[in-house]
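Enquirer: Sequence:
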Amino acid sequence: MKKEFLWGGALSNVQAEGGYLEDGKGLNVYDTLVVTPEPGIKPMFCTTDVATDHYHHWKEDIDYMAEMGFKAYRFSVVWSRIHPLGNEEKPNEKGLDFYDKMVDYLLEKGIEPVVSLVHFDMPDYLLNHYNGFMNKEVIEFYARHVESIVERFKGKVKYYITYNEINLAIHMSDLVSGARLPEGMTKQEMFVHLNVNVQVAHARAVEVIKRVDPQAQVGGMIGHAPFYPLTCKADDILAADFKNKMHNYFVYDTMCNGELPQYFMQYAKNRNIELNMSQEEKDVIKDASKKLDYLAFSYYRSNVISSFEDIKDQNELEDALIFDQRSLKNPYYDANEWGWQIDADGLRYSLVDFYHRYHKPLFIVENGIGIDETMKDGKVYDDERIAYYQKHIKAINTAVEHDGVDLMGYLAWSPIDFLSSHKEIRKRYGFVYVDRDFEDLKELKRYPKKSFYWYKKVIESQGKDLENDIDY
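Each residue of the sequence shown is one higher than the one before, counting from 770 in the working numbering.
No lab work stands behind these hints: they were computed from the structure. C-beta: ideal position from N, C-alpha, C; glycine also. Among the hints, a few may not be true.
When the alpha-carbon atoms are kept at most 35 Å apart in a straight line, the in silico DSBU-like pairs for lysine-lysine are as follows [as the list claims (entries may be wrong)]:
1. LYS1098 / LYS1163
2. LYS771 / LYS1225
3. LYS1145 / LYS840
4. LYS771 / LYS859
5. LYS927 / LYS828
6. LYS870 / LYS1129
7. LYS1163 / LYS1129
8. LYS1014 / LYS1226
9. LYS1226 / LYS878
Here are the simulated distance ranges between beta carbons [claimed, not checked]:
10. LYS1002 / LYS870: 52 to 62 Å
11. GLU1212 / LYS1055: 48 to 58 Å
12. GLU952 / MET1034: 22 to 32 Å
13. ASN1041 / ASP1234: 54 to 64 Å
14. LEU1097 / GLU836: 40 to 50 Å
15. MET1034 / ARG980: 23 to 33 Å
16. LYS1002 / ARG980: 45 to 55 Å
17. MET954 / ASP1114: 34 to 44 Å
18. LYS1055 / LYS1014: 15 to 25 Å
19. GLU836 / GLY1108: 28 to 38 Å
20. LEU1210 / GLU773: 18 to 28 Å
21. LYS863 / PRO1100: 47 to 57 Å
Let the hints inform the model, and build the full structure from the sequences given.
Expert: Next up, the structure:
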């Protein structure tokens, strides 16, 4: 890896902070999320009032990151901490001050801040009174929010991500885009309109960031999972091609080419759905495509998909593929307790695929594994996590050194334990164990896991020394 490669970690602040309504924070869509359990082991859902109390432990948590040797740390600015309702003219200064201190401390420790915007944290008020990004007015509230942040961080933050996992806006619409299916609207119509609106939101964020701080670098981000055909039958290959376009390529195609791709417009045309776009919105998307610096993505797993043999109508088939809930399993890969299959070579495949499709620098801004783990005598032996990272970092080394991919950095998910996207404390991702359980908060004390010392060694060696030989 090149010397300036950004090794580090990433965290969603709304899942870690707690500090529920402190210092003027408002409720957001994660606070009020009604959880649908994931398949897998029995869940332990928590409220967000404390989470893992990063709001009061952020300095200590960053000290651990510095000890690991982080070059970069991606965190998210919680929208409802800056604009509690979302539609205020002026930001909450106490909220901005909190993140400003965090940025200063990161820079003091030699860690590059990577700031993520919209990460499961839209103000709940915008969901209930505007229906989130289904309402174009919310795009302007968001642009105002972004401007508040960039004005405060100007000259200090080099890297921004406009919208966390923007391609999941339709699939977890309340959490990702603050939206619910409007009465009288089909899922297909919402799929089209919401995807258009969040692309406009991304483009407006790019415009604002580049206007306020022209030196900053801006990336668009997806939650990436490549879909392989279940068999080599042409029907399954066509199914995987369509699914990948709509799930993985649509966002980047629009962001990079500056216009909606033909296959997306054809999907709308085939269903008589009118694309509700003004010329101004088209111009904003085109203009943002010329200013985008890099493409960011999360990667945890790959998936497989097959066609539906009993569906003959093409429109019906495509809709079934978009909203597919079958969770088909790839027989060649193991999985964690929640059924997330572990496919490190899929990460190499994705890097090569994206780089040769878009010719832009890539940035892995989330990669990790959730494990049900316990601490004994102050220690957590998470060799399963180390094994996961060994395979994935080996894959990125091959993609960079053998395949010639331009990769900016690798951010592991995550520096510390926090609540998963399903408000789950049982599913832990961190290099640092936060001592709380489902009901008992204990003292929320931090304990480095075995993987903490292993990842420190990996960073020191620029990704070369992956051996699990830590004396812990």
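Enquirer: Is the straight-line distance between the alpha-carbon of LYS1098 and that of LYS1163 35 Å or less?
Expert: Holds: LYS1098 and LYS1163 sit about 24 Å apart, inside 35 Å.
Enquirer: Is the straight-line distance between the alpha-carbon of LYS771 and that of LYS859 35 Å or less?
Expert: Violated, at roughly 42 Å.
Enquirer: Return holds or violated for the Cβ distance of LYS1002 and ARG980 against the range 45 to 55 Å.
Expert: 50 Å, holds
Enquirer: What's the verdict on LYS927 and LYS828, does the C-alpha distance respect the 35 Å limit or exceed it?
Expert: 21 Å, holds
Enquirer: At the C-beta level, are GLU952 and MET1034 separated by a distance inside 22 to 32 Å?
Expert: Because 26 Å falls inside the window, the suggested range holds.
Enquirer: What's the verdict on LYS1163 and LYS1129, does the C-alpha distance respect the 35 Å limit or exceed it?
Expert: 22 Å, holds
Enquirer: Straight-line Cα separation of LYS870 and LYS1129 no greater than 35 Å?
Expert: At roughly 32 Å apart (the allowed maximum being 35 Å), LYS1129 and LYS870 satisfy the hint.
Enquirer: Range hint 47 to 57 Å: satisfied by the CB atoms of LYS863 and PRO1100?
Expert: Holds, at about 53 Å.
Enquirer: A range of 15 to 25 Å was offered for this pair. Does it hold for the Cβ distance of LYS1055 and LYS1014?
Expert: 21 Å, holds
Enquirer: So the hint says 48 to 58 Å: do the beta-carbon atoms of GLU1212 and LYS1055 match that?
Expert: 53 Å, holds
Enquirer: Sort out whether LYS878 lies within 35 Å of LYS1226, counting only the CA atoms.
Expert: Roughly 18 Å separates the two Cα atoms, so the pair holds.
Enquirer: If you draw a straight line from the CA of LYS1145 to the CA of LYS840, is it 35 Å or shorter?
Expert: 30 Å, holds
When each numbered hint is compared with the structure, violations occur for hints 4, 8, 20.
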